[in-house]
Each structure stands twice: as structure tokens, then as C-alpha cells.
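Visitor: Sequence:
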Amino acid sequence: MSRTGQILIEELDLYAYHGHFAEEERLGQRFVMDLVLDCDLRASSFSDNLADTVDYGEVVALVTKTFSARRFKLLEAAARALAEAIFATYPPVSAISITMRKPAPPIPGRMAAVGIKLDFNRED
1 MSRTGQILIE ELDLYAYHGH FAEEERLGQR FVMDLVLDCD LRASSFSDNL
51 ADTVDYGEVV ALVTKTFSAR RFKLLEAAAR ALAEAIFATY PPVSAISITM
101 RKPAPPIPGR MAAVGIKLDF NRED
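Numbering-wise, UniProt numbering puts 48 at position 48 of the sequence shown, and it's gapless, one number per residue.
One should not assume that every hint holds.
Claimed, not checked - Restricting the straight-line Cα-Cα distance to at most 20 Å, the calculated cross-link-like pairs of lysine to aspartate or glutamate (EDC-like) are:
(1) Lys117 <-> Glu10
(2) Lys73 <-> Glu25
(3) Lys65 <-> Glu25
(4) Lys73 <-> Asp40
(5) Lys102 <-> Asp34
(6) Lys102 <-> Asp13
(7) Lys102 <-> Glu24
(8) Lys65 <-> Glu84
(9) Lys117 <-> Glu11
(10) Lys73 <-> Glu24
(11) Lys102 <-> Asp119
(12) Lys102 <-> Asp40
(13) Lys65 <-> Asp34
(14) Lys65 <-> Glu76
(15) Lys73 <-> Glu84
(16) Lys117 <-> Asp13
(17) Lys73 <-> Asp13
(18) Lys65 <-> Asp55
(19) Lys102 <-> Glu76
(20) Lys102 <-> Glu11
(21) Lys65 <-> Glu123
(22) Lys117 <-> Asp34
(23) Lys117 <-> Glu76
(24) Lys117 <-> Glu84
(25) Lys65 <-> Glu10
(26) Lys102 <-> Glu25
(27) Lys102 <-> Glu23
(28) Lys65 <-> Glu11
Said to hold, decoys possible - Here are the computed distance ranges between Cβ atoms for each label pair:
(29) Asp13 <-> Asn121: 23 to 29 Å
(30) Ala77 <-> Glu10: 20 to 26 Å
(31) Leu27 <-> Leu50: 37 to 43 Å
(32) Thr4 <-> Glu25: 37 to 43 Å
(33) Leu50 <-> Glu10: 18 to 24 Å
(34) Ala77 <-> Pro108: 21 to 27 Å
(35) Pro108 <-> Gly57: 34 to 40 Å
Hints were generated in silico from the structure; no laboratory data involved. Note that the Cβ used here is the ideal one computed from N, Cα and C, for glycine as well.
Modelling step: build the complete structure from the supplied sequences, incorporating the hints.
Guide: The structure is reproduced here in C-alpha cells:
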């Protein structure tokens, strides 16, 4: 499918208990993510009707629920679970890019954040 539009969800800030280390599971931490959903937005650009697009409010609710439903040790596994949930719920989405960051990672050093960026295609 050719790319005909993208839905952007930027800097979604969630608190959860993910991570490899015991203190991450016990104390929890903030996670900040950006999602880019490739989908055909032509119909909604003409109709001006929410029913003709992917409702990003619903996507945020799904991501929040999925991200909190179980504990992930790795950001990579959490990102895959989010992509799978979005693909299962929204057939118009053909590809997803997820950037996920830990703003205060439990590692020595001074940095703004650590994180990952993964791209997923519906066909994968």
C-alpha cells in the first residue's frame, strides 16, 4: 500500500513498571513515546468525518491499556506488543514507527534519555 498519510502521537508520557532491574519493577518509571501510524487518510480528508479515519484518542487509550497490561523487561518487547495491538484493532494502519524513551534510566551517567526506535509493517 502506498503511503497516503500518517497519524502522529508525540511524547505520550506513561508511568509503568517495566525494565530489567528489580528496582524498575518495584518503583516504576516514566516512559515517553512517539508513534507514527501510516494509513490512508484520503477519505477523511474529504469527508471531515471521524468514522473515516483512525481515531488517535482511541489509539492512545489502546496503547495505555496494552502498555500497562503486563510487565516488559525490554523496550523492544513493549514496542512490539503495542504494534501488534494497533494492527489487530486498526486494519487501515499499514506500518507503525515507535520511539520509546526512558527519561530517567537507572544507569550511571548524565543523559536526557535512553531508548529505542522500531519500525513495524503489517506484512511482517
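Visitor: The structure should be examined with respect to each hint, and the outcome stated for every one.
Guide: To see whether the hints hold, each was checked on the structure:
1. Straight-line distance between C-alpha atoms of lysine 117 and glutamate 10 comes to about 13 Å, which keeps the hinted pair within the 20 Å bound.
2. Simply put, lysine 73 and glutamate 25 have alpha-carbon atoms about 9 Å apart, close enough for the 20 Å limit, and the pair holds.
3. Distance check on the hinted pair: lysine 65 and glutamate 25 sit about 18 Å apart at the alpha-carbon level, within 20 Å; holds.
4. Distance check on the hinted pair: lysine 73 and aspartate 40 sit about 34 Å apart at the alpha-carbon level, beyond 20 Å; violated.
5. For the proposed pair lysine 102 and aspartate 34, the alpha carbon gap of about 12 Å is at most 20 Å, so the pair holds.
6. This hinted pair checks out: lysine 102 and aspartate 13 have alpha carbons roughly 10 Å apart, not beyond 20 Å.
7. Taken as a hint, the lysine 102 and glutamate 24 pair is honoured in the structure, with Cα atoms around 11 Å apart against an allowance of 20 Å.
8. For a cut-off of 20 Å, the pair hint linking lysine 65 to glutamate 84 stands: about 13 Å separates their Cα positions.
9. Between lysine 117 and glutamate 11 the alpha-carbon distance is near 13 Å, which keeps this suggested pair within the 20 Å criterion.
10. Restraint check for lysine 73 and glutamate 24: satisfied, since their Cα atoms lie roughly 9 Å apart, inside the 20 Å limit.
11. Of the supplied pair hints, the one linking lysine 102 and aspartate 119 holds, its CA atoms being roughly 18 Å apart against a limit of 20 Å.
12. A C-alpha spacing of about 31 Å is found between lysine 102 and aspartate 40, which places the hinted pair above 20 Å, so the restraint is violated.
13. Taking the CA atoms of lysine 65 and aspartate 34, the gap is near 16 Å; set against the 20 Å cutoff, the hint holds.
14. With a C-alpha separation of about 17 Å, the suggested pairing of lysine 65 with glutamate 76 holds against the 20 Å cut-off.
15. Under the criterion of a C-alpha separation no larger than 20 Å, the hint pairing lysine 73 with glutamate 84 is consistent with the structure, at around 17 Å.
16. Only pairs whose Cα atoms come within 20 Å are accepted, and lysine 117 paired with aspartate 13 is accepted, the gap being roughly 16 Å.
17. The straight-line distance between the Cα atoms of lysine 73 and aspartate 13 is roughly 18 Å, inside the 20 Å bound, and the hint therefore holds.
18. The suggested pairing of lysine 65 with aspartate 55 holds, with an alpha-carbon distance near 16 Å, which does not exceed 20 Å.
19. Our distance criterion of 20 Å between C-alpha atoms is met by lysine 102 and glutamate 76, whose separation comes to about 12 Å.
20. For a cut-off of 20 Å, the pair hint linking lysine 102 to glutamate 11 stands: about 12 Å separates their Cα positions.
21. A distance of roughly 24 Å separates the Cα atoms of lysine 65 and glutamate 123; the hinted pair therefore is violated under the 20 Å criterion.
22. Taking the CA atoms of lysine 117 and aspartate 34, the gap is near 9 Å; set against the 20 Å cutoff, the hint holds.
23. Pair hint lysine 117 plus glutamate 76 holds up; C-alpha atoms about 8 Å apart against a cutoff of 20 Å.
24. At most 20 Å may separate the alpha-carbon atoms for a hinted pair to count; lysine 117 and glutamate 84 meet this at roughly 15 Å.
25. The suggested pairing of lysine 65 with glutamate 10 holds, with an alpha-carbon distance near 17 Å, which does not exceed 20 Å.
26. Between lysine 102 and glutamate 25, the direct Cα distance comes to roughly 14 Å. Compliance with the 20 Å bound is thereby established for this hinted pair.
27. Only pairs whose Cα atoms come within 20 Å are accepted, and lysine 102 paired with glutamate 23 is accepted, the gap being roughly 14 Å.
28. Between lysine 65 and glutamate 11 the alpha-carbon distance is near 17 Å, which keeps this suggested pair within the 20 Å criterion.
29. One distance hint, 23 to 29 Å for the beta-carbon pair aspartate 13 and asparagine 121, holds here, with the actual separation near 27 Å.
30. Alanine 77 and glutamate 10 have their C-beta atoms about 22 Å apart, which keeps the hinted 20 to 26 Å range intact.
31. Roughly 39 Å separates the CB atoms of leucine 27 and leucine 50, a value that falls within the hinted 37 to 43 Å.
32. For the pair threonine 4 and glutamate 25, the supplied restraint of 37 to 43 Å holds, since their beta-carbon distance comes to about 41 Å.
33. Leucine 50 and glutamate 10 have their C-beta atoms about 20 Å apart, which keeps the hinted 18 to 24 Å range intact.
34. For the hinted restraint 21 to 27 Å between alanine 77 and proline 108, the CB-CB distance of approximately 24 Å keeps it satisfied.
35. Taking 34 to 40 Å as the suggested C-beta distance range, the pair proline 108 and glycine 57 conforms, at roughly 39 Å.
The earlier numbered hints that this structure contradicts are 4, 12, 21.
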